[in-house]
Structure formats: C-alpha cells, structure tokens
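Participant: The primary structure of each chain is shown beneath.
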Amino acid sequence: MRIEEKFTVDAPADEVWAFLIDPERVAAALPGAEITEKLDDNTYKGGMGVKVGPLNAVYTGTVAFDLDEDARSAIVHAKGQGKAGMGTADMKMTSRVVSLGPSESEVTVEAHMSVTGILAQMGRGMMQHVSKKMFKEFTEILGKELAAD
Amino acid sequence: MARHNVTVTVNGEAHSREVDSRLLLVHLIRDELALTGTHIGCDTTHCGACTVLVDGVPTKSCTVLAVQADGAEIGTVEGLADANGMSALQEGFMQEHGLQCGFCTPGMLMTGTALLAANANPSEAEIREAISGNLCRCTGYVNIVKAVQYAAAKTAADGAGEDN
Amino acid sequence: MAAETSNGPRTSAKICGMGHSMKRKEDPRFLQGKGNYIDDHTLPGMLWLDIVRSPIAYGKIVNIDASKALEVDGVLAVLTGKDLEAYNLHWMPTLMSDTQMVLPTDTVMYQSQEVAGVIATSRYAAADGVAAVEVEYEPMTPVIDPFKALETDAPVLRTDKEGQEDNRIWHWEAGDKEATDRIFDEADVVVREKMHVPRIHVASIETCGCLADFNPVEGHLTVYMTTQAPHAIRTVLALVAGHVGLSEEKIRVVSPDIGGGFGGKVPVYPGYVIAIAASVVLGKPVKWIEDRMENLQADSFARDYHMDAEIAADSSGKIRALRIKTLADHGYSDAQAAPSKFPAGLFSICTGSYDMEQAYAEVDAVYTNKPPGGVAYRCSFRVTEAVHCMERIVDTLAHKVGKDPATLREENFIPKEAFPYHSPLGWEYDSGDYQAAMDMAKEMIGYDDLRREQAEKRERGELMGIGVCSFTEVLGAGPSKDFDILGIKMFDSAEVRVHPTGKAIARFGTKSQGQGHETTYAQIIAEELGLPAAHVQVEEGDTDTAPYGLGTYASRSTPTAGAAGVMAARKLRDKARKIAAHLLEVGEEDLEWEPGTFSVKGAPDKSVTIQDCAFAAYTNLPEGMEPGMEATNYYDPPNLTFPFGTYICVVDIDRGTGEVTVRRFVAVDDCGNIINPMIVQGQIHGGLTQGLGPALFEEMTYDEDGNNLAGSFMDYLVPTAVETPAWETGHTVTPSPHHPLGAKGVGESATVGAPPAIANAVVDALAHLGVTHMEIPIRPDRVWEVLREKGVAI
Amino acid sequence: MIPPQFDYHAPGSLEEALGLLGSLDDAKVMSGGQSLLPMLKLRLATPANIVDIGRIPGLDSIGEEGGYLRIGALVTETALEENATVAARYPILLDTAKVIADPLVRNRATICGNVAHGDPANDHPATMLALRAQMVATGPDGERTIGVDDFFHGLFMTALAEGEILTEIRIPAPGGVGGGGADGAHHGGAYLKLERKVGDYAVAGVAVQLALGDDGKVTQAGVGLTNLGMAPIRASAAEEVLTGARLVERGGLRGAFSKVRDAIARAPDADEVIAAAAQAAADATDPVADRRGSVEYKRNMARVLTGRAIAKALARAGG
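Residue numbers (the numbering used here), protein chains in the order written: chain A, 1 to 149; chain B, 1 to 164; chain C, 1 to 794; chain D, 1 to 319.
Treat the hints with care, since some could be wrong.
Derived PhoX-like pairs (lysine-lysine); straight-line CA-CA distance at most 20 Å [said to hold, decoys possible]:
1. Lys6(A) to Lys132(A)
2. Lys51(A) to Lys28(D)
3. Lys60(C) to Lys194(C)
4. Lys318(C) to Lys341(C)
5. Lys318(C) to Lys400(C)
6. Lys79(A) to Lys60(C)
7. Lys154(B) to Lys23(C)
8. Lys146(B) to Lys606(C)
9. Lys83(A) to Lys68(C)
10. Lys403(C) to Lys318(C)
Worth flagging that the hints you see were computed from the coordinates, not collected in a lab.
Input sequences plus hints: build the corresponding full structure.
Facilitator: Written as structure tokens, this is what we have:
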C-alpha cells in the first residue's frame, strides 16, 4: 500500500526538519505510538497501538532513521509485529521538507506500507482509512506544535 | 472467569448446565448435549449450518452465547420427526432430492420449518429469500425450494383432509 | 459387454434398478440429525489439536515461545517442526512426488501455513493456547505473481530442494508443435485470447478434520478423517510413517459421512499428520477440526491457470488448429492431486468437441508464496481450465468470422459417425452426438427467439447476452497402463455378498461425499442381480472392510467402482444360474433371465428367484460348487469416458452498476446411460451452481504482501439461493460403448461447462461494442469498467 | 473459532446495566450480538466484560409517539420488517432492514446496534441521516439526545461516551397518514444498496428521503451514503440541489395520489436536477479501493444509486 501526502506547515523549514527527525516528538504526534528504548543513534525500539472501535491491535518493533541533512530528506523504516498472531507491519517512509518562505514549509511524504495478517485480510480497506486518519492527525499535531513554538 | 447456570429446553426436554460466559450455543448443543445434528460450517455467521430455533425463531447458534439462551425453548433437527415419522418438510427434502451431503440440511430444515410456520404458502422468491442465510454447496437450491413447496402443499392437503 | 441405450428402466419399481429415481437410502439419517460426520465423533480421553498459523507469506521463524501457551489451563503440549524433526516427520511427500512441510523448522512459505500444534483438553483451551503462542518472524518479500516467479532475478523459493535453481516446477507439453505452427503460419484466420482461470476454493460446508486414535499397547492407529480416498491415504501413511512403526496392517482409516468434498478432501494436509503425530506421541485420541478461515486460507485450492490460447481457422470458421501456452501457479508445493504421469492433468482434452487437424498445448508450473493448490475441484484434473479456454476462444472465432456462436460450433463438431474419435492430442473419445445435445438445448431455451429479442434490445440500448458452451469432458481415471497415483494403478473395486435370505451387502473402494452412492450402487447391484435395491446395503470408507480402491474424485465412481459392482454382480448371477439349473434340474442353457428370476425356456411357470438361488448357495449346492454367494471385482477400465453437453445461458446487464443477472440457464447433458435420474439431475444442479460461483463471484486473491483477501465467507462469495437461477436441465443419452452399463459419470460436467457459458453470455451482450473477452469472475466492477470504456455506462 | 474469555453480565434493568458499565473495566455493551460475537470469535475484540442488555424489559418497543417513530434498543431488524407502521409510513426503513446481512442474522440483529457500532459499512446510519433521526443515549447522568449529524465521528467511532447506551432512535414522523398530511407534504424515501451477494457489506448504499409540497417542489431532502468513506456521509450538496427544485408537474402529486404511482409526471427539468444531485452525492464520497471495486467505481455507484433512489423516493411520495 502506497501513501503520498503533501502539506504545508506555518513554520520555518529548519524547525519542521528538526521535528521530523526527533523520534520522541514524532511519536508524540502519532496517537498510540511510543519510543521505549534507544538502540543506537539511528535506531529505536518502540510500540504502536491501533485502536479502532472494539478492535485493538498492538505492534512492537523498531524504527530506524536514515537522514540526509543537506537535502532535508529522511527515510524512516518502522517494522513491528502484532501481539497474538496479529501479523506484521512494515513502513518505509520518505519525507522531505522544502522551504516555501521564512515561516512556511512544505512537507512531502511518501510511504510504502506492508501489513500482513488478519487486519490486512479482513480490513475491508480499513487499513487505508486508518493510515489516512493517522496522517491527518499527525499533520494537525505537527502544525499545532510548531505554531506553538 | 465466571460460570453461569443455564437451563434450556431442547426439543421439549429441559437441560441444565454450568457453562463459561463464552460458551457458544452451538457448542452447548453439540458438545454438552450431544445433539450433533446441528453443524458448524463457518465462523462469520454466513453459512447457517448451525441454525436452530430459539423460541421459534431461526437463529445461527454459532453467533449466540449459551448464556443468552438461558430459559429458552430450543428446537433442533433431532426434534422435527415425531411418532408419526418425519415432518412434511423432511419428507419434502427426501422426495424432491433437496439434500446431497446433508451437512447444510439441518440448518435448511430449521429455517424452512420457521418459514412455513409463518407463511403456509410461500412463493419461490419468498423461499429463496428466507434461505439466503443458509449456504448449500451441493444442491444448487432448486430442489430445496421444491422441498419447501412440497411441504407446503402436503400440509395444505392434510389440513383440507381434516376439514372434511 | 456394453449395455443397450436405456429407454426407461428394465426392472420393476420393486427391484428399482437402473433408470429409477429411487429416493436416497442415506436421506433419513441426514434429515433427522443422525449423520455421522467427523466432528460428531468423540472418544474417551480425547484431546484437541488447534494450529498456530503464519500471518506472513514468507519469512524466517526467529523464535517460537510456547511458555505462555503452556500456562493456559488445559493446554498439554505445543508441537513444533523441531519436535517432528526428531521423528523425521516434519516433511511429507505430496501426491505429485513433491515435498511439503508438516511443520516448519525455520521458514514459512505462505500465509496461514501451520507453524505449531497446540494440544489441549478442550476446543476452547486449544484455541486459547494458539492465541498465547508467541512466534517471532523475520518477514521476507514474497513472490506472489507467477510471471514474476519465472524472472531471472526472482528469489528461488524452494531452496530445500537440491538442484532447484529457479521457481519452475515442470514443463509439460502435448501435440505436434511443428505441425501446429505450420498450420498457424498458413491459416486464413487466427484468433487469440489470454485468460486466467483464477484460484478458487471448494468451500464444502464441512471443513477438513480428523480424529487420530493411536493405541500404544497394540501399536495400532485408527484415523477417522474427512478423506475421499481412504485406502490411498492408508498407504501414504504407511509409506511416510513406516519408519516409526506404523505399518499398513496397523493402520485403519475410516472416512465417515463427508459434508462435501469436491476434490478438496483428497490430499493429505499437515493438520492430519500433526494430529496423528500428537496421538502417537501422547498415546491418546487427538481431534483436529479446521475452522472456516483455516480451510479457506490453507487448503483445498483449485485452478490458477494463466492461458494464452490461439485458434487457426479457415475463412469460413472451420477450426484447423489450437495452440495454448499456460502458466500454472501451484503455490509453494506441487501438492495437486493428479495421476502421476499427468502433471497438467487431462488438460489435453482442450480440443473439446471440435474436429481439427492439429493441436499443441504446453504448461509451465511455478512455485509462489501461496498455499499449495491444484486440487481437482469437481473436475477430472484440469478439464475445467481446458474447457473454459476452448469454449471461450471458440466464441472469439465466431465473432471474428461473423457467425452465430452456436452455428460455428455445429460446423466444427466431431460428427456422430466419427466415434470412436481420435483427438489430435491423443484421446480416443468413446461416443458422442454433439448435435443432438445442441438441438435440444436450443429448443428448450428458444434460441432463435432470444436472438430476436437481443436484437430488439440492442436497438433500445439494453444489454442482453446469450452464451453457448458445448463441452466434452474426460473422466473415469483410469486405465492402468496410463493412470496411477504414487504408482498405485487407478482401478477401483467392489465386493458383493448375498446373504442366505437374499439380502446383500456391497462394499466399494470409493467414498461418497453426497453423491448418493448408498443408493446408486444398490441400484446397480439390483439391476444386475434382480434383488430389490432396498435390500442391498452399501458400505464404503473403512479400509478394514472395504476392498482397496483409489477413491471418489474426478467423476470416477460410476466409471470404475460402479463397473466393478456390475462385474462382481455378474459373477454372482453366473453362479446363481448354475444353482438355478441345479434347483430346476435343467441345463444352464435352458434358462432365461428376467431381472430377479431364472425360468425354464418355454415353461415360464418353472422358475426360481435370485433369492432362492442365494438360499441354495448356503443350503443346497450342486456338487463340487464352493459354498456362499460372494464375489469381488477390481475393475481396470479399458478407456476413459467422454460425457458431453450443451449449455445455453441468458444474461441481462445493468448499464448503471455492471451487475450481471443470469435470467435463464439450460443445461443439456449426455452422461450415457443413467442410473438414477433424480440423482443425476441433482448433480447437475449442484455442479452448475459451483460453475456460477467462479463465473461471477468466487476468487481467491492475494495482495502483493501475500495476504489472502478472501479468507472467510465474508469475502469468498459462495452463491446463495438468491443469486442462483432456477436451473433447467435436459438429457440426451449416448451410451459409453465400453462401460458395462453404458454409463459415463456426471458429477463434474456442470462445473466444467457453466463458467464458459456464463462468460460467453456476458461477452455476447457486449460483443457489438467490440468486446471479445471478460476474465472470470465477472464482477460488476469489471463489467462497469468495460461499459465505461465503451461509452455505454449510464 | 472460539471467543476469548470474558465475564458475561445480564442486567435486568437499565439502571443495573449503567451501573455495571460504570463499575466494570473494559466492558462492552451487547444487544443482538450479531456484530460483536463475530469480532470476538475472530479475537479482533477482546473485552474483559460483556454487558448483555438483551434481557432488559421495555427496550423492544417500536411505534409512533409524540411526533416520532421511536425504535427501542432491542428492536430487531425482523421486528422492524414486520411492523405495519414502518411498512406504511417508513418504506425507506423497510428497504434498509431487508438488505442487511441475511434473514437469520436479522432475527437477532438490532437497529440500534447497527447504528451504535459506528461501522460506515452498516446500512442504517445512512438512512438515519436521510431521515434526520435523533439518537437517545442513556448514561449515568440520564438521557441526552444527539442529532444524527453529531453522532458518527469516524471509523467505528460515535458520540456515545463510555458507559452510555444507545437506548432509542427517534425519527421525525411525517405528518398525517399515507405519506401526505398534516404538514402538507408528500413524503417518500428509498434505500438502495449495491452488494456483491446477499449478506455482503455495501459496495455503495444510498438513502434518500424527500418531502414534496403540492406544487411538486421538494421542501426537504435527506441523502445519506453507506460505505463510501470513513464514516456514514450526509450528501449535503445533493440535498441542496434537490431542496426547492420542482421535480413533479404542478398538480401531479394530487392527481397521482389516487392513481398508480407511475402516473406521476416528472417536471420538465427533473432529470437534470436528479442527475445534478446524484453527481453531488458522488462528489461527497471518499471511498477506498478494495475487493468491491475501485474508488472510481464506488463514486460512480454513489451517483447511479442516488439517481435511482431519488426516482424511487419520488414514486413513493406520489403514491
């Protein structure tokens, strides 16, 4: 499943970039996500809970950051495994920050997600809805956070 | 986890069991009461092989908890025949070749029995609609429709006979 | 030896031999909840097996942590591949001499693959145990597209197989390639279609399961299991587990009432083996019952042929040659159930009902990260794929040369007088009268009127189509010179014993799954012996009592075991004739046989019944005769049988939504002489519905990550009574010249013939827009895309 | 498939039920159980407690009262289908019930459960949007009424707070009898669902409820959409297109009232208005591609079904 998003943030590109490469802040902007341990400079252990109505899926795994500071481009590779045979989730997300002005930036995100197991099978496209919603919430929180700075 | 005392009357006979909250009615019937005529064919409430009558209402017993049925009158395929032999609907299935492997048949019979109780002379479309929650993989449904029509006609004829 | 064309039954209603619509002997128990299916079996001390399955399609198993599962109340053990490895039972052979994991030791190859077995004291505890087993995986990128599987950079999936350097399993071909190519080079007209007959599932309403009961004291194993081939399974078990002490005389396989098989209950699935292994290890009975999602996701898959077909013809539409290139997606192992020498099954029946000069067909089989597929789902080994291919492309040819599809078929039919007919791909068709079936079908449906109605509707912009299919089936595998499974010849068997009071028991090597063998076999014995069918008890499925046979699939019961029953009964009739001569004190040659009675020629009042003879066989024998009334026959058919038929279907298409409604469907079948017309019609109704499913609804699809997207009845769309039309059936009778009853077998014709009839009807509705093909299942969204592309969607 | 362990509670009164919901951890309300039990068997839901409201007396009534059709929490789809008032005055509800799952499931499934589940693929929510229904939620602090437009928050998410039960749905009654009456309007509604087979979730579903004046003008329009986005959708733009438009010739309804329903005469530009409304409904959708079809297909089906549902609603308003 591919997801492409483009949105503008009312903040300078450097600030947005700093946010996007800070695992703790990214996790805080994703409802259900948490970083539990730093494995090395670029790799973290973490978890992600997806709650949709009566359904509650919890994934645990790792997040790795591969950064190109000059291009303000980050590749984030998150992979996790669900509890109780829930299957696996794998996401490679490339995000770029482009400055549109002193206090306006554009973020483009291109993500490739592989989800296995019952959620992907029985989801009726639910995972697409869920990821859309997650992106929406993430950009809203990001916008708010940076505006508040 | 909590256990519950459940009493159900199955085909006229009362049974009491202490069951887990999560026990499905179909497993109470099959595993606890050893009435294995009621079958299990899917997990998602689509196939209807587990159909029983709960207080006269055809119900997929794999999607009901045994505790929910506490106090209910349950009808299963084992209760359809009486001292006079098979019911008109059972006879219809035999005469019209309304079954092959027989696995969906108990569910079809229970649904058909309830249909005929509510509608003595259903049309073909009404029969097809009524059994649309019961999957059959063998017969192609044509002869199941005929079996229900056979039972309707026989019951009507018997009724007319009694009136005379 | 062959019977005459039957024009109604020859026996009385009391005897109820061939041609009578005898009500089924099995029905009273099924109708009163007294069937005896696998899940109805329980044994004292019985344990339950439930299976942990892989959520991923391909990857390494990093760790299996069973500690939490073992803490669940009632869970006794968790079996893994490593445990089975200790007994060398972690792999098993398939019927096609490939190999398949029972439980993996390091790698999973498809979603829902068995990963561990949880043994517990109840169904509920076993399920809790499964949920508590933690398996850590390292996912790998699966190979899902079979075309990509053959690309040079594709990862080799079966690294376990020595010498396997790519994902190709085998290459098969039939016919004269050069001669075929020559005709194509010079032909006036060549048409071509690429088509996929997708992966589907048998979806019998009963899933698979077994109850394995190993007696450690006697070293004896009884397995009650949902199998269509109990004897073959016993032999396979002995071959696989002989090294752990399970030799064939210590194994009893019992196949109880089966809630639908359709070919899905032929193979040995890992669950059976795990249950058996658990019973052997624990010394207790172990039951395994698959749930629906396991069933739909892990086993019983069929089809999945990608075909590229071409016909060469002259300008009038006379077919000259056929050429088909096929890619077969077998999933992770070649575990299909086909005769050993026929890796592509009987696909070479693809030339169908048409006479032509040459044909060439080839199939390449590949591995992918899907569950093993290729069961002969209500199909005599790839005949469904072959017929779909031919019957679709014949319509393309008709469209191309501007002829009515029925007319084009008629002009290409193998003529009645050409039988026995030798097809370019090597079959000898036993008998046929294709025009007769076509005539009846056209008459029944009112073909010419429908064409007129269609023309009028087209004027008004309405979309209606008429689809024709004139298929030829091949079944009854098969003659021992060509047909075997794992080396065992594909004969079948019957054993008939008449008791002193004139009642009989007949046992067969086959196994009914709803076809009504208890009734039809009794009628066969009645036909031959003149005993009332009601007095003949039929038994199958217990390897301790039934004679050895290869089982029921591929419509082989009537052609093989049915014939064996005839031959065994005839042996008894010959013996009875000797006894009758003895009782009537005349010579055998002075006796006349009327079903049930020997009488003296010219003195009809001097007679004895078959029952008299049976009694005498135990009480009053001619001197020197062996007592008793019992005979066995192992029947090796001299040829296969070739049933045929013409199906015509009418559909209406909703231009708004793309929905297809099957308005009418007429099926005219010719299965030779008919044993029980009621049962034959029932078989056709059911087969048609199982053809409707894949034509319009059913398909097993996988996403790029290997997730099965039709893993429950929510998405695997088995038609209900509402979607299913009121089938109309008709029959012509062209007896098989070599079957002792002139019968051909009927179980599968309709499943084979219905999909192309429906697809042809949809294409016919759209043909004036330039549409020549629609892939099945013809879903509304697929139709709508075409309507939009052609500018007729509203 | 076996459900996970949980504790089952069967309160005998609403008060008791609310008390249990307030005191138990991780509790889930069950009425008919036809959505919840399959999720339990798949172990997609694993609540520690289930509060079965099925034995609470008084929640199974359906009928008109105080200007509303009131549907209690335990009214099953079958009860709705068999209700004479519904058949006569709310054919859109009957349409909706008849295409939900299959007849056996409908024997236990409840209307309130279908709505409270918050599943955008469920059918009643669209109809409730079209009918401008009100949801009565009962919680520890008593009853509150939630307008349908404020009820659906997203995928499986509703305005119901933890510890609240959807105890009743109230549908404004059309005035008078026979579809035309006290409020001077002629009412007609229809629900159309495209499904792959019986028992399927909708590829697309459309509910349309219209009120027309004697002059043939639409005085009120409701258009709700099923399974075409993350939540049930109100096609407001489609409603705006319809509202005020004259769809029936002046006097057409009066004439038709005593004749057959086909007799109603469409206004000259009615087809254009309907097409514009249908397109507006399609534009309001946000579907995802799945095995039921592409985004494009689903949008177009919203358009096609909206057009057909308007036509059917009009026909009913006339007859």
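Participant: Can you name, in rising order, the numbers of the hints this structure does not satisfy?
Facilitator: 3, 4, 8
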